[in-house]
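Participant: Spelled out from the first residue to the last, the chains are:
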Amino acid sequence: MTTTKEPPSPGASPAGPEGPAPDESPAAAPTSPGAKPGRDAPRTIREIRLARQGKRKASTKALDNPLREGLRLERMPDPAAFVLFGATGDLAHRKVVPALYQLWRTNLLPHEFMLVGLGRRPFEDDTIRADYRASLDKYSRVLPVDEAVWAEFSKRIVYHHGDFEDPATYESLSSRLDKIDQEDGTRGNRLYYLATNASAFPDIVGQLGRAGLDHEVHGGGWRRVTIEKPFGRDIESAVRLNREVAKVFREKQVYRIDHYLGKETVRNLLVFRFGNGIFEPIWNRRYVDHVQITVAESIGIEGRGSFYEETGASRDFLQNHLMQLLSLVAMEPPASFDADALRDEKVKVLRAVSPMTPDEIRANVVRGQYGPGWVGAEEVPGYREEPEVEAESETETFVAARFEVDDWRWAGVPFYLRMGKRLPKRASEIAVQFHAVPHRLFTDAGTDPEPNLLAMRIQPDEGILLRFEAKVPGLGVDVRAVNMDFTYGSAFNVDSPDAYETLILDALLGDASLFTRADEVEQAWAIVTPIIEAWLDEPPPTLPNYAAGTWGPPEADELIERDGRRWRRI
Amino acid sequence: MASTDAPSEAPTAAASAAAGLVTAPGDQVPGTPTLRWSARAHSIEEIELELARIWAVPKLTAVDGVEERHIAARTSVMNLVVVARRPEMAEHAAAIIQELTGRHPSRTLILSSADPESRSWLDAQIRAYCVLPREDAAETCAEQIYITAGGAAGRHLDAIVAPLLIHDLPVTVWWPTEPPFQTQAAHDLLDMADRLVVDGSTWTGDGLDRLAQMAGAMDRHRISVSDFALVRQSRWREAIASVFDLEEFLPYLRSIRRIAVTYATHDRTGAPGSTNVIKPVYHVAWIGSRLGMGVERPLAPAAMPKVSKPTGPGAKPALHRGLAATLRGSRSEVAVVLRPIESRMPAGTTLRVEILSERRGSELRADVTAEAETVHVRVWVDGVAALERAFLAARRTEVDLLADAIEAGGSDPIARDAIRFAARLAG
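Sequence lines, in order, name chains A and B.
Using my numbering, read the first sequence as starting at 1 and increasing by one per residue.
Using my numbering, read the second sequence as starting at 1001 and increasing by one per residue.
Warning: the hint list may mix true and false statements.
What the hints assert, rightly or not - With a straight-line cut-off of 25 Å between C-alpha atoms, the simulated SDA-like cross-links for lysine to any residue are:
1. A:K138 - B:G1031
2. A:K155 - B:E1371
3. A:K247 - A:S175
4. A:K179 - B:W1055
5. A:K155 - B:T1369
6. A:K179 - B:L1351
7. A:K155 - B:P1170
8. A:K471 - B:W1055
9. A:K155 - B:L1392
10. A:K138 - A:S154
11. A:K155 - B:A1370
12. A:K471 - A:Y287
13. A:K155 - B:A1372
14. A:K179 - B:L1392
15. A:K155 - B:A1394
16. A:K138 - B:P1030
17. A:K179 - B:G1031
It is worth saying that the hints were derived from the structure and are not from the lab.
Can you build the whole structure from these sequences, using the hints too?
Facilitator: Right, dumping it as structure tokens:
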């Protein structure tokens, strides 16, 4: 882009269109609260007001543009180069590129958009295009792929060959991006998307910094970095990674993706809680008996044995997805829908979850590992029989835990969380169980009334279910639980966007609401790390301890049943 | 007495149908609305009876000799009242609404009147369409009621509509033709509405009188208005707004001196009144309303330069210079020009929006044009090219526009302010 510098205003009247001329205004006032006023500094309200009138505002944002008001849904990201590290990897093919294609197809990407794939393989531009085209046939949400759309999109894909550790890669990348800015009008806006192994994050971020690719120059475009989970392996490594990232990028430039937060139902949870007046008054310990959060997967580790051996369910799910869901359910209403306001409230929840002592961990956390069994109509091997998994592996594929959020709203309300691989079905939900009625009024009824329940299904069949009691038609007064069931599929017969589409678009628009902040990551690790540490200090349970196709080890049932409750049958 | 009949869409299924059911549930293709019920009625009571029957009669279907009770759930997110006036318009509207069955299931009443001089009569066809979102999902169904009213009944459509609305659901009135805002019938109908959907760009003449009437009706009846003409311009708005997202250009926004909109006309003279100018007016109204401007002088025919009359056979008359108005910005007056240009594009289509801004001796000119499915923005500062961007703007069908209008839900302050401003601009 070429811009001309704004000329001075020759002969402009002192009370011209922009207010009093700077030389006419009183001496500048200290505007920051902590600044000390000088001898000639304005002190009275009038002096300060006049001083401010004479000063130019420090910065203007897109939000200050009055033409933007009400155009949120129509807003298109700024022209940008999307630099994809790990361009030849699995995540790029399965998720990132299909999401970008879909955004392009639906006119949500700017015309001046370039995807710069960066990888170690010696590909040409055409090779990576052909590679991505083939992937779209497998992974695109909308098939068949629209050839005309793809033809236009593929023109915007280029490949940059290089080693992530090699400084020369970044030097040449820098030159190439500058050239792209000139030729394709991307205006210096860059989103670096790290779809690589987590071990490469510090190196890539450090090299970006060394090459000056992080610098946001005034009027020279923005620079953002998107980091995929896992954000560290424990509290210590998370703090270290955050520190490395913070050396190069400011927090507002960092977008940590937890794709669960991009899911439609998770986003709807915020609307459900804070867009309806009837639920929030009962969303507390007075009315809620307990909360269950379940993420069940019927699949195993899908050939990622070596990855899973190093992670396990606690690192792969508990620290991020489950903790995020917990914080969204338990958070206080934020003052605004602004990213930081939202994340402030989520962090407060995590801070209110006290890390457990080893004894408490023994009592409140259960781990499991699946053995051989049947899932659906298929016989599946046990975890230890999976490729790249040690025969004596102690890695957990199931975790269930009981947490308490020690704050005014939730004191005494248990939150039961469970996640497992090779469970009978794929189902994720948040269930809020309300207290039972205090007095049994319908004594003639054959059964006790069940407590009300509100379940938010995250997948599949995204929707919301409210269970309440109703009279069975007939002469007697028999009471039975019935469900009021809302499913997205039937109320809105439109496809929900994939979580990656939502999150990538948000990152390009600079909206960090659905991304995890550094302190959130660290706080979640502060809860989970003691659990992992405690497990390292004692012998494991007899593993495997649940058969594939069952709902986890019996200890998980005992965990909740000893409180007089049961896991929901999903 | 109500009678069940077979619509032309499903003659074979209808032959075996009982109680109005024309298609067995198993015949459905996911995602495609299927006609599942059709019946006729000649009074409000009969219509109500038929509506109740659709969902009350369980359909037993036999699968491998086992009888299954088919349960179809009626889903309605609103009442949609279409004032079609003419039968062909009713058919056109019905086809669009059918596409939205799954996306926005509604109870739809499509009204037309006929034979105004006869004694009152009413003929209604009640249909239920169902959509199977996926093979494994529950189907959703919605009702369409075509009502033709003759005689005096045709002049009191509100009396027909009121008893047929599903209570507690919002009422959207879609008026695909020209709403006669000043008639009692329109008043009565809009009194029960929450939202009015129109397409101002199809109105006859320049459309400005009706626009002013619509703004009056909007405030009087406290309804939201979705005008397709305004909805269609969303990408233009995005393009124009994007110019001032840039920090260096934002200060110019408060110093706009001129807004010029060029539009297509098919009239050789381009004389005011010959072409609908709703779309060009909305561009100005949106900018003016967002920037808190006032209308100093409303639109009036621009002064024509004195030129000699064309002589000789086939000589073209000079094209009119269009309409001009003056707005009052926060710091100065803003000249507005709506200029016609003979073009093959549909009459009234916006061809170009130019914004001229002067600030401290510096001049910014933004030029927004459309070409095929792309909106281009070019900006010059003091004559030097400073920005060029393109925005993809796929052409939206009436189905998309109606969906947008419905999805807007509550009051849309952008539309409300733009329509009010446009009415003031119209004078």
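Participant: Are the Cα atoms of K138 of chain A and G1031 of chain B separated by 25 Å or less?
Facilitator: Given pair K138 of chain A, G1031 of chain B holds - Cα atoms ~22 Å apart, limit 25 Å.
Participant: K155 of chain A and L1392 of chain B were given as a pair; does the straight-line alpha-carbon distance stay at or below 25 Å?
Facilitator: Status holds; Cα separation ~15 Å.
Participant: K155 of chain A and A1394 of chain B: Cα distance at most 25 Å?
Facilitator: holds, 19 Å
Participant: Are K471 of chain A and Y287 of chain A close enough, with their CA atoms no more than 25 Å apart?
Facilitator: holds, 23 Å
Participant: Checking one constraint from the list: CA of K179 of chain A to CA of G1031 of chain B, max 25 Å. Satisfied?
Facilitator: Since the Cα atoms of K179 of chain A and G1031 of chain B sit roughly 46 Å apart, the hinted pair is violated (cutoff 25 Å).
Participant: Run the distance test for K471 of chain A versus W1055 of chain B: straight-line Cα separation, threshold 25 Å.
Facilitator: Holds. K471 of chain A to W1055 of chain B sits at ~22 Å (cutoff 25 Å).
Participant: When you check the alpha-carbon spacing of K179 of chain A and W1055 of chain B, does it fall within 25 Å?
Facilitator: Distance of about 64 Å is beyond 25 Å: violated.
Participant: When you check the alpha-carbon spacing of K138 of chain A and S154 of chain A, does it fall within 25 Å?
Facilitator: holds, 17 Å
Participant: Check whether the Cα positions of K155 of chain A and T1369 of chain B lie no farther apart than 25 Å.
Facilitator: holds, 24 Å
Participant: Under the criterion that the straight-line Cα-Cα distance not exceed 25 Å, is the pair K155 of chain A, A1370 of chain B satisfied?
Facilitator: Judged against 25 Å, a Cα distance of about 22 Å means the pair holds.
Participant: Check whether the Cα positions of K155 of chain A and P1170 of chain B lie no farther apart than 25 Å.
Facilitator: violated, 46 Å
Participant: Measure nothing beyond the straight line between the CA atoms of K247 of chain A and S175 of chain A; if it is 25 Å or shorter, mark the hint as holding.
Facilitator: Holds, at roughly 23 Å.
In summary, the structure is inconsistent with hints 4, 6, 7, 17 from the numbered list given earlier, while agreeing with the others.
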